[in-house]
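Number of protein chains: 2
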Amino acid sequence: MATVTIKMLAGKLNLSTATISKALADSHEISPATKQKVLQLAQELNYVPNAYAGSLRRHKSKTIAVVIPEVADSFFSLALNGIEEVALAHGYHTLIYLTHEKLEREKAILKELANGRVDGLLMSVTVETGTFDHIREFNKQLPVVFFDRVCPEIETAQITTNDFECGYLAAEHLIQAGCRKIVLLSVSNNLSITSERAKGFQKAVLEHQLNGVFCRVVDCNEDAAQNYEIIKAMMSQPDRPDGIIATVEKLTIQIYLACRDQNINIPRDVKVICFSNQPSALIFDPGLSTINQPAFEMGRAAARALLKALKNSSLLLADESVEIPSTLIARGSTKM
Amino acid sequence: MATVTIKMLAGKLNLSTATISKALADSHEISPATKQKVLQLAQELNYVPNAYAGSLRRHKSKTIAVVIPEVADSFFSLALNGIEEVALAHGYHTLIYLTHEKLEREKAILKELANGRVDGLLMSVTVETGTFDHIREFNKQLPVVFFDRVCPEIETAQITTNDFECGYLAAEHLIQAGCRKIVLLSVSNNLSITSERAKGFQKAVLEHQLNGVFCRVVDCNEDAAQNYEIIKAMMSQPDRPDGIIATVEKLTIQIYLACRDQNINIPRDVKVICFSNQPSALIFDPGLSTINQPAFEMGRAAARALLKALKNSSLLLADESVEIPSTLIARGSTKM
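If you read the sequences in order, they're chains B and P.
Under the UniProt record's numbering, the final residue of the first sequence carries the number 336; numbering is consecutive throughout.
Under the UniProt record's numbering, the final residue of the second sequence carries the number 336; numbering is consecutive throughout.
In short, the hints are calculated from the structure, not lab data.
Incorrect hints may appear among the rest.
[Stated by the list, open to error] Here are the simulated distance ranges between beta carbons:
{"#": "1", "chain 1": "P", "residue 1": "GLN226", "chain 2": "B", "residue 2": "GLU112", "range": "39 to 45 Å"}
{"#": "2", "chain 1": "B", "residue 1": "SER31", "chain 2": "P", "residue 2": "ASP26", "range": "57 to 63 Å"}
{"#": "3", "chain 1": "B", "residue 1": "GLU112", "chain 2": "P", "residue 2": "PRO152", "range": "31 to 37 Å"}
{"#": "4", "chain 1": "B", "residue 1": "ALA33", "chain 2": "P", "residue 2": "ASP133", "range": "52 to 58 Å"}
{"#": "5", "chain 1": "B", "residue 1": "ALA33", "chain 2": "P", "residue 2": "LEU316", "range": "28 to 34 Å"}
For every residue, glycine included, the Cβ atom is placed at its ideal position computed from N, Cα and C.
Let's have the full structure, built from the sequences with the hints guiding it.
Written as structure tokens, this is what we have:
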């Protein structure tokens, strides 16, 4: 059976294709009676609109959107640079939207974007994003590529780094440096990256048969003052950790300050390693050991995958997923 | 004499107001003959289009643009948060555009935005922006508010901090701490903020009758590796500075590394103060003395001025200029 097209509907109803398009788009220019006629036939013939037709028509916008939680994090600022480098080279504009880690804002932004402002979307979800219907809906209209904070539940390109291995490597690094009571500080139970890092951490803990009471995941949140108190309370216990893995860059300063304020020396009393790309890690007191994510490269890969899909609407974006490995850089904060 | 309106032109030519509008907008829907007739009468009657008419019509976009050099700088990431807080409270969307310090990109972005994507613009210009015609043109169509890196040449709201006083205060702080050979590191001769800071610095130098050969402005640029070499070369001279004022946050790490690599101790051999809002200044080795700019508040003030103008098209934006003072925070890097 031939695919049902707008042209076929137009022929059968003796209307112009423009009228059919407008009726299907619920245009105010078309009378309710005509709309009903068109919709009824479309339903009868099982007419399926081409998912990317709208997108293709809008290709002239030559604009992609980047929806990210924040920019005050070196991962995202570097990834943005990678995205913009590729977009610019292909003559595309980049619009940046910040969710500030709020699911409600993420939903509102996607709703706004679905109105046709952009050709496609690059996205790193919020810490609150535990359901994905709003993204799935959007993805029916326009292509979406995830990077870093991905959504494996949605079948599209996922640009990631080796979070599981890095959680494992960070724990191994601390264990080799003599740590036996290691905590991993997390900011979300929803994020794929955090749970992968936690799983890697737990694998190392198990392999070394360390005590699960002392080696555990501790939940922090988005509030700097609260995180300081959480870490301070943790570090004032008699059985305080001798190793800390921070899964988020911004926890570093709270860890350093909470330790300093209690005369706990880094690295003598507690060793610290952080998932971070901040160049100033080098000049911290002491220098911070980091898992450096390939932020710039991940941004480039994400933009490349999206632009490829925009040029070839039959591309299966899920095939464009890549994992780019991170690097552990040991500095003073984990010295033996 | 009554103001000439589109309605008057329409009446005189016996055409619809829609036709006049389209003719004035050079629409392809109008014949060349009609266009000429309309333009001729408009000229004869000295018809002046309402500058914000286009903007008002587009108010439904409920979107403002923020055009800034980069996000990997705590000033801009904090200012963005202030902007978004106000925009969100008024039901406005915020689009972020990065110029990466390139005048060409700034021009391209403004050209793109003039097509009607947004209702107004918040802007901090690039280090290259020495001419302003592209902004002046844009400002004929839509309201523009400057913040931080402002354009006093353009008559609109300028949201600033007390850069002149802060240049003076930073120099005074170093002089009180015993410095006699102070350099101010700059990244642009075009920026109003840099030249104001330099003027304040020079005022303090003059007042204390310090030697102008040793107390001077040194030009850095946008390349981290080159800046490291510039600072290293400067610090390896026999008459090297004993005080450094960095006008840009990102120079901090190059200063610390160049000193460390030559065994020059901060603060014993050279004292350092930086215009910066990075929270991690606290945990640097040594802690960094800073001029803390009211980034969040400046972002809020800029957004408030713009939204006020969008709600009241007769508002004189130049009256909305404000200066919000910065704060000097002394830490280890300027200790006597």
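Margin query: Tell me if the beta carbons of ALA33/B and LEU316/P are separated by a distance inside 28 to 34 Å.
Written below: Roughly 52 Å apart at Cβ, these two residues miss the hinted range, so it is violated.
Next item on the list: Starting from the range 39 to 45 Å, see whether the pair GLN226/P and GLU112/B falls in it by beta-carbon distance.
Entry: Holds: the Cβ-Cβ distance is about 41 Å, inside 39 to 45 Å.
Item checked: Status of the given 31 to 37 Å range, CB of PRO152/P versus CB of GLU112/B -> Holds, at about 35 Å.
Notebook entry, point to check: Regarding SER31/B and ASP26/P, is the given constraint of 57 to 63 Å on their beta-carbon distance met?
Noted result: violated (33 Å)
Notebook entry, point to check: Range hint 52 to 58 Å: satisfied by the CB atoms of ALA33/B and ASP133/P?
Noted result: Given range 52 to 58 Å: holds, Cβ gap about 54 Å.
Of the numbered hints listed earlier, those contradicted by the structure are 2, 5.
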